[in-house]
Amino acid sequence: MSLDKDRLDELFDAHRFHDAIEIDSTEPIDRLLEELRMMVRIRKAEEKIGDMVAEGRVKCPCHLAIGQEAIPVGISRYLRSSDRVFGTHRSHGHFLALGAPVETLFAEVLGKATGCSKGMGGSMHLFDQGRGFVGSVPIVSATISLSVGAALAATFDRPTRDNLDLGLCYFGDGATEEGAFHESLNFAANFKLPVLFVCENNLFSSHLHIRERQPADRTSRFAEANKIAVRLVEGNDLVAVARASEQLIGSIRRGEGPAYLEVITYRWRGHVGPREDIDVGLQRKDDLSLWKKRDPVDRLVRGLARVGALSDRAFQMILTEVQREIDEAWMRADQAPYPESSSLLEMVYQEVD
Amino acid sequence: MPSYADGLREGFNYLMENYREVFVIGQGLWSPWYVGSSMTDLDKKFGKARVIDTPVCEAATTGVAIGASLCGYRPIVVHPRMDFMILATDQIVNQAAKWNHMLGGQMSPRVTIRGIVNRGGEQGAQHSQALHSWYAHIPGLRVVMPATPVDARNLLIASTLCDDPVLFIDDRWCYEWEAPFGPIDLTPLSKIEPQVLIEGQDITLVGASYSTKLCYDAAQTVGKMGISAEVIDLRVVNPLKLDRVLKSVSKTGRLLVVDGSWENCGLAGEVIAQICQRMPLEELKCNPQRMTLPSAPAPTSKYLEQQYYPKEKDVVDRVKEMVAGGRKQ
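These protein sequences, in sequence, are chains A and B. FYI, the numbering for the first sequence is 2 to 354, going by this note's numbering. FYI, the numbering for the second sequence is 5 to 333, going by this note's numbering.
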């Protein structure tokens, strides 16, 4: 299996990958255009949330993934609603990429009853069972073992282990420093479970660069130690992410065991909240302007333009349409009611005492 | 006559025979001397795919079970020693207990986490703990502590069939208790209340798990001395439902709570506090009392161990003192 090792240093180099992404004739253009629209939707939704946090209209901690949009969109291309996806504190994009309505995300960050978690969870606790999004939590490695359990359940559902549903967990490079991550890799490999581990390595855990936290900057080394299939790809290239996902998800569905997708990316905003310049050192400030040239949206737009599939006017139209959708969704979410007081106690248990 | 351990084993057998969605997962399950005779031959009868022995990973195993419970299954996780279960506390407290509430009541982990108290025999500080009070503090986590053989079976079944996450705690000191079984009772866990094991007039003794057995034995001993003790087994310690205890103390005017764990912020104190809040204090004939472990880790030396754990005689002595009018203040 390709480890893309020849490009390893390049992946972490902020000066690289500024060009338009490669789009060859095997990629259906209509699908790419829809995926571009989705990436724009995720970005505009997060920008809206960031603005509302800055204005003081949203209070709950919002961790934005602006700059990382290609990852969930590329992966979700190969997911189905019976798969079981788990997220983190930074999961707006994971959630929306599955087709979840923007309005339910906005209502949730506002704590409204029409939110995806009925206003009980906020930005860090998203849920959309019908689309396969089982939940997200901010205890960073916690959902990794949950996704392994969802994968175990998938093997019970299909003992023949063909065309398996899969468990999928998104996590960041920080989570790979917690013990539950390592326990989960071992467990999944030992029982050959259908789970895709997706490490969004954006080089930072909160304010601390991975080189100040780990002796190496590639987290997939832990998967290799557990004999798990690995792909390491440039995370701001939609096509690269999608192709690696297709390969790994295909092998997982065939019952070949877990796989680990490490995507190298960069978040443009601080760990939490809308600001770019918070909780980050000088190194990041310098790097950010370079990483913005590795913009997954802009590189896809330029790639599509190069093959004659997207005019500037057509892209402007996408931006306008998505912005209208975002603004209308916000308005509806803002007008929605808060949860009933009774939900405070009634939702503690499912069974009524 | 069947024992408590037989009750547990019967519960597992009933669940696995009747519910395809039930599976069991934990350390030592293919070599179940770990758990006394409570799971003997389950792996042979139901297969290693449904009785899963795991690597040494308490957190991941518990998380795996919770994850499977979110996808239509009803796993029972076995932690052969509660001390090791502490490693899974993130999964129990942060994930299982909160999942339903924080996601808007849309999905609840239908997982049962079995934590076994295994102490005595000079096992020392990290092989002896009873940590139910910690977990009973957490909204969203039902905490079950069966005392009697029939409850070992019935409450394991009720816990597993409950739609909420349940911590099921059994104490190996209970395993030898023998009593006749009735037919399986499928009362939902949410409807399970404390039960009166012995009716009495002079004093109310409250316990859970093994401390119920201490109360039960002590009540029989003091009965021969002319003291009529009422024994109440709590059975479920979260959510704690004390109507039956209140009714009893209103009758007897005396309350002694025996708890197999520590005093500070503990179960015994909670029972006493709630009863004191809910009844006129002038109806009490003496101050409510609690008997707990000393505030020290479990010792290893058997000489110290003898002093550490409350015994039937300690309960008997305390009852006599309270009924005779002592310990007023």
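Each hint should be verified, as a subset may be incorrect.
As the list claims (entries may be wrong) - 30 Å max Cα-Cα, derived DSS-like pairs, lysine-lysine:
#  : chain 1 : residue 1 : chain 2 : residue 2
1  : B       : Lys289    : B       : Lys317
2  : B       : Lys255    : B       : Lys228
3  : B       : Lys315    : A       : Lys228
4  : A       : Lys193    : B       : Lys251
5  : B       : Lys255    : A       : Lys193
6  : B       : Lys245    : B       : Lys306
7  : B       : Lys228    : B       : Lys315
8  : B       : Lys315    : A       : Lys193
9  : B       : Lys228    : B       : Lys195
10 : A       : Lys60     : A       : Lys293
11 : B       : Lys251    : B       : Lys317
12 : A       : Lys60     : A       : Lys286
As the list claims (entries may be wrong) - Derived coverage of chain B by chain A (criterion: at least 3 residues anywhere in the stretch with Cβ under 8 Å from a Cβ of chain A; other residues may be distant):
#  : segment
13 : 86 to 98
14 : 199 to 208
Honestly, the hints are just simulated from the structure, not real lab data. Glycine included, every Cβ here is placed at the ideal spot set by N, Cα and C.
Okay, the hints, checked on the actual structure:
no.	hint	result
1	B:Lys289 to B:Lys317	holds, 22 Å
2	B:Lys255 to B:Lys228	holds, 21 Å
3	B:Lys315 to A:Lys228	violated, 53 Å
4	A:Lys193 to B:Lys251	violated, 55 Å
5	B:Lys255 to A:Lys193	violated, 60 Å
6	B:Lys245 to B:Lys306	violated, 37 Å
7	B:Lys228 to B:Lys315	holds, 18 Å
8	B:Lys315 to A:Lys193	violated, 49 Å
9	B:Lys228 to B:Lys195	violated, 35 Å
10	A:Lys60 to A:Lys293	holds, 27 Å
11	B:Lys251 to B:Lys317	holds, 26 Å
12	A:Lys60 to A:Lys286	holds, 26 Å
13	86 to 98	holds (count 3)
14	199 to 208	violated (count 0)
Violated hints, listed in ascending order, are 3, 4, 5, 6, 8, 9, 14; each of the other numbered hints is respected by the structure.
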